Amino acid sequence: MANLFLPVLKMSAVGSIVILAVILVRFLLRGAPKIYSYILWSVAAFRLLCPVAFASSISIFNYVKDVPSTPVAQTATAVMTEPKSDPMAILSAVWFSGIVVLIIYSIIAYYRLKVRLKDAEYLYDNIYSAEGLPSPFVMGFLSPKIYIPGGLNDEEREYVLKHEHVHIKRGDHIIKLFGFGVLALHWFNPLCWLAFTLMSRDMEMSCDERVLRDGSSIKVYGNALVSMATATRFPSPGPISFGEVGVKRRVKNILCWKKPAIWITVISVILCIGTVSVFATDAKADPEPVKPEENIVLPDTSDTKPVPETEEQTADTIIVDTTTVDTTTVDTTAAETTTADRVISDTTHIPETTKKETDTTHTKNTEKQKDTVPRSDLFPDVEDLMEMIEEGYGDAVVVETTGD
Amino acid sequence: MDLKLYEYDYKFMSIIWDNEPVASGQLVKLALKKLGWKKSTTYSTLKKLCERGFAQNKDTVVTSLVPREEVQAYASEQFVESTFYGSLPGFLTAFFDGKKISKAEAAELKSLIDEYEEE
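Residue numbers (my numbering), protein chains in the order written: chain A, 1 to 404; chain B, 1001 to 1119.
Okay, the calculated beta carbon distance ranges per label pair:
(1) 122(A) with 1020(B): 20 to 30 Å
(2) 1003(B) with 121(A): 13 to 23 Å
(3) 258(A) with 1061(B): 48 to 58 Å
Computed footprint of chain B on chain A, listed as stretches where at least three residues anywhere in the stretch have a Cβ under 8 Å from a Cβ of chain B:
(4) 137-144
(5) 159-167
(6) 218-229
No wet-lab data here; the hints were simulated from the structure.
Bear in mind that the values here come from a model prediction, so they are computed numbers and not experimental data.
For each residue, glycine too, the CB sits at the ideal point set by N, CA and C.
Sequences and hints are given; from them, build the entire structure.
Structure (structure tokens):
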């Protein structure tokens, strides 16, 4: 379970940033047709469902480093996470239960609705009429049916049907279900609930706009909407319904709507493409990509001469550079050119000092490694030993390995 | 008064609302056509609804006693309550959220619409 929860958690973090961005862009687009805002939500949905995306140098995640959408962070968390730790297991269980609850509720609601509608009157095409429905709606996904309440006048009925037909043609009823599925996965994230509500609003309002664009009168449509929604008694406050749109907002929106000028369309399209490019992409990988296995397996090749450094440090002893020599013989001619007091020809006497010095050189090595590569190798001692084996330190190595 | 109507009673009331004031004989014909009901079924349902206060049958003319909107509002509430535990489910594509607006708000919106100048 934790194996599923963790990626979802990461995607939720990434998705939250994208949702905030979409909300901002949506605000910029408030004077434009709602279809663009509606389309932008797909970016959020994508990030909430897909753990990886194309890398791009203009991705926002090049600049937002603490969010797990970069290759380094992904490998790091992959290696360092312990899914079996208790708090994670509990959280995963809670998360999964939440999804189950939402799904069960939906299934029950769906079947209750079906039962309630079984006596609906068939009108024509795929349109049915049932009494006491709070609102017309579309039901079913493969062969969607439109249900309208009884008592609508001709105008109301005409516009309702036009509206619902646009929904069906655009596949909105499937998109909404899909959105609800994404929401179920991220139910713990309040931003996702907000996103779903706003997405639904954009869906409905863009649908109204489409009806108007196809030639309906704004006034007549507006009046139909108002008359359908008016209560004769005091309306009860009602619970919050996520995903439905209030009449007031709809009416005000259609009153503001006009066939968009070209420049509005152009700007909107640019903003959409921009948002996709910046938020639907991942950060470009580091120039030297990190793979943990490389550090463990390969010998250290970043530092070419460990020995000459120690030559500088120790005046008393000189260790002749034997990195290029496989044997334990020492070239004594090289030693003659130095002014040291003692020349070590037999490397078997080296062990302790060697160990110390190679340790310091080793720390230098790892420091160097850290500069160029964020992850240090996990088994320094083994590498150290392997170096020594290769460079031929003979007995010293034997002693050390058995002590390990 | 209990405003709850079961589906078929509701449909019958619909016929009355759509056609009132309607002669009871005519009502029988309409019920046959729209619902496929026999004469006896129509009369027994009519009697029941009159007893409950939804309609009245005076000198064989039938009229409603409760306005349609009231019953509708009640029924919608009931619908959401009983079917969905209180709110429309998120996966449903509904025309609007089903929350009715008050007459005052409706008037306000209507005047906004009237002010609007259509191109």
